[in-house]
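Colleague: With the hints as extra help, turn the sequences into a complete structure.
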Amino acid sequence: MKLLTLACVLAACLFSANSFARDDIQTLPVQALLETSKAKQALLDIPLYFADQSHNSIKTNYGEVITNKKTNAFNKTDREACEWVMLSALKALQERAVREGMNAVVNIQSYYKKREFVSQTEYQCGAGTFVAGVALKGTLVKL
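Reading the sequence shown from the start, the letters are residues -21 to -1, 1 to 122 in mature numbering (1 follows the signal peptide of the UniProt record, and there is no 0).
In case anyone wonders, no lab produced these hints; they're calculated from the structure. From the three backbone atoms N, C-alpha and C, an ideal C-beta is built for every residue, glycine too. There are no misleading hints in this set.
With a straight-line Cα cutoff of 27 Å, these simulated DSSO-like cross-link-like pairs (lysine-lysine) come out:
{"#": "1", "residue 1": "Lys49", "residue 2": "Lys116"}
{"#": "2", "residue 1": "Lys49", "residue 2": "Lys70"}
{"#": "3", "residue 1": "Lys55", "residue 2": "Lys92"}
Distance windows between CB atoms, simulated:
{"#": "4", "residue 1": "Ala21", "residue 2": "Gln99", "range": "17 to 25 Å"}
{"#": "5", "residue 1": "Asp3", "residue 2": "Asp24", "range": "32 to 40 Å"}
{"#": "6", "residue 1": "Leu122", "residue 2": "Ala11", "range": "23 to 31 Å"}
{"#": "7", "residue 1": "Asp3", "residue 2": "Ser67", "range": "17 to 25 Å"}
Modeller: As structure tokens, then:
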């Protein structure tokens, strides 16, 4: 009986969902994504400025906001899932800017698992077996 119990516990440990979980951090290019037809269809006409990209002078500053989006990554490549969820996160920032009466989002940076990744050209995405996620911080402004 002890041997059967031990075998069951061992099998449960080996085949638990945690043993197959992964959370790989992908670093991907922003510009290549923004130039896709998916991005042109999904995003609003609200300018997006990453890190310290130059922009017109700020007339009104609403402040910093954070968005954290997830998507189903099952049966998708990491890149496909990451691009899809990045577009979702960018659109969420744009929609929030519209709701708050702002017309641009500046200083956009990755904020996956509350780790800042500041880049004008790249973003970070967490890609797992079943879920991919992107978290972004950005400042809503009126230019």
